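Between the sequences and the hints, there should be enough to build the whole structure, so can you do that?
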Amino acid sequence: MRRLQSSTSDYYERLLLRPLPQSSLLASFNFRSNESSTSFEQQNFRYFPRSLGQILQHAHTKELHLRFSLGRWDAASWGQRPWDGAREGGTGVELWAWVEAQSEEEAFSRWLTLTNALSGLFCASLNFIDATKTIRPVMSFQPEGDHHDSSNLHLLHGTLPHEVVCTENLTPFLKLLPCKGKAGISSLLDGHKLFDATWQTMSIDVRPICEIGGSECILEMEQTVDMVLDVDRSKRPRDNPIPRPLPIEEIACDTSKHYNAEDTCYPLDKSAEPSWNLTEIFGRPMKGACPLTDEESEGSKTVCINVPPERTVQVNTTGPYVETKQADDTVRCYKLPTGVDFDLLLPEQQMNTALVFPQPPLFAARSINGHGQERGSVQAVIRNPSLTEAVEFVYLESLPWFMKPYLHTLRARLSTSPGNPIKETYYRPAVDRHRGTHLELRMSIPPDSTLTLTYDFDKAILRYTEYPPDANRGFDVAPAVIRLISHHSSAKSGIYLRTTSLLLPLPTPDFSMPYNVIILTSTVMALGFGNIFNLLVRRFVGADEVQTMGAGGLKGVIKGKIERLKARFLGKGKKDQ
Amino acid sequence: MSLTFRLLIPLLLASFAWGEHTSNWAVLVSTSRFWFNYRHLANVLSLYRTVKRLGIPDSQIILMLPDDMACNPRNAFPGTVYNNADRALDLYGDNIEVDYRGYEVTVENFIRLMTDRVSEDMPRSKRLLTDDRSNILVYMTGHGGNEFLKFQDAEEISAFDLADAFEQMWEKKRYHEILFMIDTCQANTMYSKFYSPNILATGSSEIDQSSYSHHADNDVGVAVIDRYTYYNLDFLETQVREPTSKLTMGDLFDSYDEEKIHSHPGVRYDLFPGGEAVARSRLVMDFFGNVQNVEVEGGISRNETAWQEELAAIERMINEARRSHNESLTARPQPAAEEAKIGETKQAIRKEGAMRVDGESGWSKQLVGATALLGCVGIWAAGSWLEKL
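Heads up: the sequence lines are chains A and B, in that order.
Note that our numbering has the first sequence beginning at 2, numbered continuously upward.
Note that our numbering has the second sequence beginning at 377, numbered continuously upward.
Hints listed in this document are in silico derivations from the structure and should not be mistaken for laboratory results.
Small disclaimer: the values here were computed from a predicted structure and weren't measured.
C-beta atoms are modelled at their ideal positions from N, C-alpha and C, and glycine is treated no differently.
Any given hint could be a false lead.
Claimed, not checked - 27 Å max Cα-Cα, derived DSSO-like pairs, lysine-lysine:
(1) Lys-502(B) with Lys-134(A)
(2) Lys-428(B) with Lys-183(A)
(3) Lys-405(A) with Lys-460(A)
(4) Lys-502(B) with Lys-181(A)
(5) Lys-569(B) with Lys-526(B)
(6) Lys-302(A) with Lys-176(A)
(7) Lys-741(B) with Lys-424(A)
(8) Lys-428(B) with Lys-622(B)
(9) Lys-302(A) with Lys-326(A)
(10) Lys-526(B) with Lys-636(B)
(11) Lys-502(B) with Lys-548(B)
(12) Lys-176(A) with Lys-502(B)
(13) Lys-236(A) with Lys-271(A)
(14) Lys-181(A) with Lys-428(B)
(15) Lys-428(B) with Lys-176(A)
Stated by the list, open to error - Rough simulated footprint, nothing fancy, chain A against chain B, three-plus residues with beta-carbon under 8 Å:
(16) 438-452
(17) 475-485
(18) 492-503
(19) 525-534
Spelled out as structure tokens, the structure:
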């Protein structure tokens, strides 16, 4: 009975550490929890988080993919992306989901419900994904799960490239895990190190998985955190993170330089692998195994490190642990003890061999060209490094409405052949303030060649109230998503890569201008009106003509009148004389 | 004798409980964007840590942060915000929930939050779900002036807007008592227009006075906290050490030292029923802590057996619910109903997606164009020929 339960609703977690060139370290955390779909429908949650489950049920969402990303993956020196890029998103926040609905309108209203609910759960401004940021990709995304009836499923996709990813997003992410960051590999996740990483991405994927031919389905939730840490940077203490120069005695100097002296030094490059341990790198110790993981099978080996066989790895723990070696000794996995701290120590070591990292199937870079406030052009350079194989891929752009591309200027050139690499185009033009541009291209690159894609665009002028408070910073344009379709991939999730986001400077007015105009016109009005008003209602008399008044008020006025009358009569009398 | 005594005690307790609150909420708002306004976010986060320490849970704190300081590339201390140059306390910490952030911090959203005029999709964590027994601490900080407070350097909230929002809250029975605290230049003008009852208001500086920052951290590179907030925190952190503290708001207001704050903090008592004396006797914990008083409905009219009867009734309800649930479980397979549902579902209509665009190939369109042109020329020629006749 117990066995059956653990097979239908189980929990799995794994951490893979892989040192990368330039003293970087890739840490891939993976957490999976399953729930049978019957118990999910009855709201009987075991490992699947209730908070997220109820949102999915409320919004009729059958499959969900949510990404929080920061930084840039340096493909040239780090090689292929973890999970083939399928578990990463564009800079900021990216969300796509298959929503069940009878019509497009219903799907969109459920999508808005979903984004609003998720914004409350993950402390992110996901509610800003409105109609202008939502697209319906045609070729770029395929469902990862098994859906019985896909005719009523609607794929919606939205990105927020400007969204900041910080500790408040990690807090709810950890709360979704059954061990809540208190035990197991998730106890290493610390916002102070995660958001200091050169590149990091957090992902949440929910999908139904059905047995082939069987009617019983499970709902699988996968959470991953991938980050590339700079080892030297991460080793700095948290209270003193600012790098200070070392005393000259501790620096290895290049003595072959002619200027090398007691006080001048050209520091030598360190060829040895740096020393590090988990506690130092992640800022906190690992608190032993999460007791919910499988005890016996493969799933119990939760920490793996991918280093050459000659690299020394010491284990520091007081509890019992098991070490196993896989893949020609290049992967060492550890079964963690429960309840006690666990640490891996790698001393500084001069290495003779290095691991060969697989090359990425494509390199992609995108930039904005042109100058001025009116128009510009986008150029994407995609390179196929393979010497033998052609690559076919889908290129997806989701542009904001205020960036208006001209499709007739779309050009794709290959460095090796004159042919047109574009096989298929899907396009939906933008409507001002209602929706953005959606451009999807299926292209292929022959081996060892470069594809250059360019198109021109116009910049819109926004209304005064549409500018954000920091308009002078520029506007973020979401990264382009590239999905490889020809490549042999066993995983259903596919192979993806994304370009970096772009910063689009728009013509920005001087926001104090309306106040200046109001103040200036008010001054002119006041001057003009005041003069005319004075001319109309006042009588101008010489200073000597004004008679001194007695006491003010009504009495004074009457007195003055009487005086004037008296003066007139008396004056006449005087003239008569 | 004993019977009257028995009746008297609940009566006394009821009269004591009357006028007390049953929940505590905090709305903590920073209104400044940009790195050089680090201190305003540090102010708000300091208050967030304090109210959290004194027991208000995250679900009852609405935190508004207009910019990201912790993960800002300019921050030499990633993931942290400090409010003191000694950097003893990391305000951002490991467990923080920001409800409104970035561009969401606007005057409209703030007023909608206070008056609960939100769309139906608004998640609960972003709403102020208070009632007429909720005490609310409203703390605001930013750049302001005479009767206004700037939001993100782009828009302003005026003292009149704020006063009207509070009045609407009072009309909707959304608060029991409010402590309004504001740290900005000419802060006391912001509460001068309030006209709703049960509000105790305090601000950092008088009209035509600036509020100043306390000190800067050279490694952070900017000022880290404002003076008024610093001395409020000084009192709250050193004197109010546990939730049982009996210190009063009067003690807090008396701790303000104008020499140290460099401006004249003000307090407005007149909206509070009972005036200055009652307002000053309110406990600090009534606003900064989370005290949950249980109120017994009806007081004296209840007898000894009533609660037992109620318990029995609840048990009957539970049994009934359990029975109906079990019945529904046994009757779960409903193929007929499901079939009917399947019959209803039809292929959803799709029209919103992108359309396929095909490049023009071949001469067909060019031919059509050329024919049309030639036709026009022909008609023109025919017309001129007919005119000649």
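Run through the hints listed earlier and report the numbers of any the structure violates, in increasing order. The structure conflicts with no hint, since it agrees with every one listed earlier.
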